[in-house]
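Please model the complete structure; the sequences and the hints are all you need to start from.
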Amino acid sequence: MLNLLKLRRKHGHQAIPDLRSAVLMESHRGFPVIDERKFEGDRQTLVNACPTGAIRKDPVSVDLGKCIFCGECERMSGGAIRFTNGHKLGASGRTQLMVTSSLSYEGFRDCSIRARAEIHRLFGRSLKLRQVSAGGCNGCEMELAACGNVNFDMGRFGIDFVASPRHADGIVLTGPVTRNMAPALMDAYRSISEPKIVIAVGACAISGGVFGGSDETNRGFLDEVKVDLFVPGCPPHPLTIINAVLDFIGKK
Amino acid sequence: MPDVNWIEMKNLQPVALEDIPVIPVEELRSDVIERVKSGGRLVQFFGSKTSDGTMLYAVLADDNASRLFVSSSRFNGIASYSAMTPDLPSAHLYEREFYEEFGILPDGHPWLKPVRKGTPGIDESETPYEFFSMQGEEVHEVGVGPIHAGVIEPGHFRFSCHGEKVYHLEIKLGFQHRGVEELFVKNRNRPLYLEKLSESVAGDTVVGHAGGFIRAVESLADVAVSRRAKAIRTVALELERIAVHLGDLSALSGDVAYLTGNSVFGALRTRVINTTMSICGNRFGRGLVTAGGVNFDITPELQESILSMVDRLDIDVALAAEVLFSSASVLERFEKTGVVDRDAAASIGMVGPAARASGIAVDVRSDHPFGGFEFVPVHKLTLQGGDVFARAYIRFVEIQQSMRIIRQQLMGMSDEASKKNVGTLRRDSLVTSLTEAWRGEIAYTVITDANGEIARVKVKDPSFNNWFALSLAVRGEGISDFPLCNKSFNLSYSGFDL
Chain A
1060 MLNLLKLRRK HGHQAIPDLR SAVLMESHRG FPVIDERKFE GDRQTLVNAC PTGAIRKDPV
1120 SVDLGKCIFC GECERMSGGA IRFTNGHKLG ASGRTQLMVT SSLSYEGFRD CSIRARAEIH
1180 RLFGRSLKLR QVSAGGCNGC EMELAACGNV NFDMGRFGID FVASPRHADG IVLTGPVTRN
1240 MAPALMDAYR SISEPKIVIA VGACAISGGV FGGSDETNRG FLDEVKVDLF VPGCPPHPLT
1300 IINAVLDFIG KK
Chain B
8 MPDVNWIEMK NLQPVALEDI PVIPVEELRS DVIERVKSGG RLVQFFGSKT SDGTMLYAVL
68 ADDNASRLFV SSSRFNGIAS YSAMTPDLPS AHLYEREFYE EFGILPDGHP WLKPVRKGTP
128 GIDESETPYE FFSMQGEEVH EVGVGPIHAG VIEPGHFRFS CHGEKVYHLE IKLGFQHRGV
188 EELFVKNRNR PLYLEKLSES VAGDTVVGHA GGFIRAVESL ADVAVSRRAK AIRTVALELE
248 RIAVHLGDLS ALSGDVAYLT GNSVFGALRT RVINTTMSIC GNRFGRGLVT AGGVNFDITP
308 ELQESILSMV DRLDIDVALA AEVLFSSASV LERFEKTGVV DRDAAASIGM VGPAARASGI
368 AVDVRSDHPF GGFEFVPVHK LTLQGGDVFA RAYIRFVEIQ QSMRIIRQQL MGMSDEASKK
428 NVGTLRRDSL VTSLTEAWRG EIAYTVITDA NGEIARVKVK DPSFNNWFAL SLAVRGEGIS
488 DFPLCNKSFN LSYSGFDL
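Residue numbers (the numbering used here), protein chains in the order written: chain A, 1060 to 1311; chain B, 8 to 505.
Honestly, the hints are just simulated from the structure, not real lab data. Take the hints with a grain of salt, since some may be wrong.
Unchecked claim - Below 16 angstroms or equal to it, Euclidean Cα-Cα: the simulated EDC-like pairs (lysine to aspartate or glutamate) are:
| # | chain 1 | residue 1 | chain 2 | residue 2 |
| --- | --- | --- | --- | --- |
| 1 | A | K1065 | B | D323 |
| 2 | B | K124 | A | D1274 |
| 3 | A | K1255 | A | E1283 |
| 4 | A | K1097 | A | D1117 |
| 5 | A | K1069 | B | E329 |
This is how it looks when you write it as structure tokens:
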């Protein structure tokens, strides 16, 4: 009993008080900043080396929807592409995920997520989500689960994962959508009543990621439904996920 | 056991393909059965397409002597062979997998069901999957999945129950199949991509899988990684082990409604993965291991901060475990639940902490040392219970062991550079790379062709050995104990499905 009290006392309060203004450590690879002037050598080498084909040249751009934030391009380009610790990477449109040389983290943040009044009215105070892993490696799944742990405690905003799609307001998709999961994913989506949203979490869900070239995927689901929120990363940090969702539902 | 039918090798020691004996499949079959019965262990059993048919390779381990043995058989127009499974239960998934990928029938296999793709030649969406069905008036079935209740990967569980009691659990996987092994070969000219792919085989075992694959490549390129790089990799591997074990203790606490444990172990886990992020910028160790060494060094300041984190963690874990394992309400649920006894564990070929909790002393770090473990010996830890308690408690003692390993590795860091260049790979060679990740033995066998290019990558996650143990564990238990049993193994779907 004494040990239990000692443990509780030591544990204290683990929740991060302000998830909106929390800053991640310097080493975290978040938003990439491109400085076109610093480029030396062959840009094509860089384009070819990127494991997921996220980099384009002339002008140089990084597609956050494909990027796995491995940092190889930072080493190869001598810092012309530099990963900052900026972690608020969510976007409400696929095109917003293209980062070019002129774009700063603040500039990206200003236009990446459009909070719609209707979404705020519907889901601003309560958002229940059904997570579907369709080929995810368990990286994104672990970070989504971490959103609810004692440190991040996403539940404080009325956002929770629920067991049944019938109780859900939307789907959180992870993984490149394998052929074997495509039917179940569609079933889950159809079981959710309207209005509903789709959130794609991680490079695999957004673009196929490292599995983009696989013959075992079937991404037809993404042709049929509209993705409302993209959360880049491999996997995205819990703060990236939570902030993206909060911005999307218009929570201050 | 010198024998013309097998060639001896060690973990990470490449052999030339021409030196690997090619023997008739009947001989291979009887040899494997006999050797496993006399103490050997089946590590890999897989096919590989060549210009003149299909090759079947078998890799066996002699754990006590730190040796591996490989042999092979050629199928040229042969459509079937006599299955090993009736004599060797641990071969049952390997044979199903071989049939699924190459269409060569293991004749007499008692459970020849799809593994990931379906029956050869039939579209997987049309492949009928016949679940085992129990007969009886009040027998009922409970089907769960592929989408589960929580935020976890997909798989289908089919319980045959009488009342609350589970008589049989059939686990159907394959939903996560992404074609990992094909992607390794298809992208063999993109070494960076291959490293990132290996990190995504199982996203909860990034350092384990990337390390396993990359060490195989390094040994084929005859690159000796620096002592410093080995130490950094080992620190990351043990941090991964500690983090997941803590997460599992948290989840096990949650499954028995012990919320203090759920919160405390969860918070401790966060501390550990944040330490991993301080090394390499990612909470799961992505981007750290690269062919030839590591991408991130551990500076003296970082070394200090890791050591002080470990010191604090040591004290905090000890207290949290003391409270957890002395709580009557926890013990009542943990003890004697989900028992897999030693004989069952051995016969199905279990590995990792789950096997060690059933009294089987297997640990690659000790049996077939790799990387940093070549310098620092690891003592094998075992418990005898084989129940949820043993699988929980072994995690606690392994966390303590890993903290000692991290201290030793950080103390013994040399000043060498942490990265070397990797050139071309040996031609026509085979290497098996074994790694003890947190879940158990990861095996990568890589085969190169006449141009020194990767021709085949065979991946085996420890989940491949251990999923069947979960079926055995829940037999005779109440169905409500399933989540607890499941979590006590915490097996990978993506690592199995590939």
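Kindly indicate which numbered hints from before are broken by the structure, ordering the numbers from low to high. none
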